[in-house]
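Novice: Given next are the chains, with one letter for each unit.
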Amino acid sequence: MASATALGVTLPVPFGGVLERRLALGLSVLSPRKLVTRAKLWFPERPQFPLLTSQAESLGLATGLGVELHPRLRVGAAVRWLANLAGTVVVTGSEDETSTVVNDELLASRSAVVGFATQPIDGLHFGLVWRQAQVSELDVVIRVSELGALTVPEMHLAGIAQYDPEQVDAELSLGDGAWQLALGTRYRRWSAFPGFLERTVRCPADEPRCGSAPPPDPNFSDTWAPRAALAYGFDITASATAEVRLGVGYEPSPIPEQTGTSNLWDNSRFVGTLGYGLAFELGSVPLSLDLALARHWFRPRTHEKNASAAALQPKLARVTTGGSIQLVALALGVTF
Amino acid sequence: MRWRLLVIALSVTAPLGATPVDALGFGARAKGLGGAVAADARDYSANYYNPSSLAFIDSFQIGLGYTHTDLDLSHDGQPSKLPAARAWVVGLVAPGTIAGVPVAFGLGASLPVGHLSKNRTIREGDPYWVFYEGRLQLLYTSVNIAVRPLPWWSLGLGTATLTTTKGGFEVRGTTVVPQGDRSEYESELSHQVDANLISLRYPQYSMTFAPFSESRIALSYREQAEVDTRIEAALDTEVDGTVIQIPLRYDILVTSVRMFIPRQLALAGAFTPGAWTFEVDLTWYDWSRYRSPVSSTTSSYEADLPEGVTLELPATPSPPALEEPRFRDRVVPRLGIEHRLPLSPSLELPLRLGYVYEASPVPPQRGRTQFLDADRHLFSLGVGTWWSGLDPILSGGLRADCAAQLGVLERRNEAKVDVDGSFWGLSCDVIAEF
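From first to last, the protein sequence lines are chains A and B.
In terms of the working numbering, the first sequence opens at residue 335 and continues consecutively.
In terms of the working numbering, the second sequence opens at residue 23 and continues consecutively.
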């Protein structure tokens, strides 16, 4: 089970004059419990659901700026931040003692988000958002010089701990009264994904006989994910309103059938969501409370290995994966 | 003006971070006053010095600054070659009211240039500048909330964060023994990693009293925090000696205390007669709980040697017991004076002086360790400009502040360590008030 805490802040910048009510700053933090990022990069033949674990276990930080150019046109840009870990581990030893020096450096990787929202006519909204690919990398170099007669080459424990592909979201929203209908799609450029692990031994330029093989190409494919949502808002009392929400979607899997020795599993999913939002005043404090429930139903998928891979992994020669994911989110908002 | 704060799962978190600001301060105005601002923090620096001061700030503020510190330290005549500490500083103060009670939300961050953090473990006997190596190269972030239930009393609560690495990696494959025309780079190795970058949040609490319009008293407490590093590694390989192949497994475990932040309790008083501000801060640091940052390594190997074959491998020594650092608690006094010179009805020129004396908590190094530090004097000088009357764009005005710091380490020639040095720093920031 993965759990995370989120903090979001929207701050309209209180300029006056021509800039009055034109600019807003935004900040969001998604923080897994006690975790900044997790690099779970297993040997590829080990059965795993790599996209489900890595994406749920990294700190996500975004800072943004929105500008209202016209009452019917708003643009915005944001930067998303992730942590990359680089370092060296140097092990030296003698007959009396083994000692190690660990140097580590945490680097920030940034990726851009650009979007706009427009309301060409009353009751019709359209938004388009582009997100640059976001990558959290790990690159730790191990040098061991205490194994006596055994000489080990410099080893690079390198790979991608977290990867969000380049993506484009488009959404159309209809309705201004109690009912609201939204239709959208998300394109993800998974074909650019280079793979989770990198070569362990990097070949020096003067070493033509270097034998370290690169990890297999993951061969992911691009995906389009359609979705639709319906919301109905109503008054409960003079100072309290509520909204009921319903959403459906489909998430295709970018991972191909695992016919070789790799066992990177993933399934296409149908997604259904239910939500309820409440806005009210406690004393004179404006509060909002939102609850969302989501369930992802995996489409059963069978992986059949080719003959050579099946001979190496007879128990995994034919595997069918399936299942579901349940999500619960609770949000409390306060305006001051 | 209405701010919107959305908190999911009912908690407040901060990104990763640590506390280089403990060593050098936070914000140009605060640095110009030697850090003596806990009772009278008027800008985003309250996020570090005293979160409850946020509730006394009336205007929404956004601040951006830059700080550079050059180190010129030496031990036994050897220059330290420590890199300069450079960082961008950002801060935000968002005041408002809930049910008529003043509240404020604050963010503060010091972002090192070029990286988020940089650190290293040390071996016993390595010279190690306790306060000037890793600490100055770490990200600091702080998120705070303050409330002022009475006009003369405010409370503040916040968190800051430390990070560490825990996990392991495994390398497997064939290792080629370099002999003849064969090279170790012909080894066919692959790896897997299961490592976590873990965050640890530690809280700070504070309160401010303003019994009279010209004076304030503050109390601020920061909890102790420490994080351990733990790295496990395994090499599971078949040694390819051309004629024979020898299965071999080599395991190693490295542990160390990556960072230690002592408990801190600050008592501060500020007096502001007219255009002058005088402030005195006293901060107690609980350094006696400091744990040794020396790394401990355990290694072992298993080789399945065929009969009649020998392979020279090292012994598997047990790690020696680490020497206790035996640091001492210390109380640090800070003094700050500010005079705001009115140049025109809409322009002020604040001038500042600050002084800090920090006795070193590091005892004489008579054992195997070489923890380097010395008592230090920190002198600071600050100047700024405060423009008001920038309506309607900036209703609160614009501040620009700069501070210069000079730190002088008293020469220390005790036991086996001869320590000397100084450092200087320059910090500037701009704060927009709305």
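Quick caveat, the hints were computed from the structure, so don't treat them as lab data.
Treat the hints with care, since some could be wrong.
Reference listing, derived: stretches of chain B covered by chain A, where coverage requires no fewer than 3 residues with Cβ under 8 angstroms from a Cβ of chain A [unchecked claim]:
| id | stretch |
| --- | --- |
| 1 | 217-228 |
| 2 | 244-257 |
| 3 | 273-283 |
| 4 | 366-372 |
| 5 | 414-427 |
Being a predicted model, the structure only gives us computed values, none of them experimental.
The beta carbon of each residue, even a glycine, is placed where N, CA and C say it ideally should be.
Novice: All the hints need checking, so say for each whether the structure fits it.
Specialist: These are the hints, each one checked on the structure:
| no. | hint | verdict |
| --- | --- | --- |
| 1 | 217-228 | holds (count 6) |
| 2 | 244-257 | holds (count 4) |
| 3 | 273-283 | holds (count 3) |
| 4 | 366-372 | violated (count 0) |
| 5 | 414-427 | holds (count 4) |
Of the numbered hints listed earlier, the single one contradicted by the structure is hint 4.
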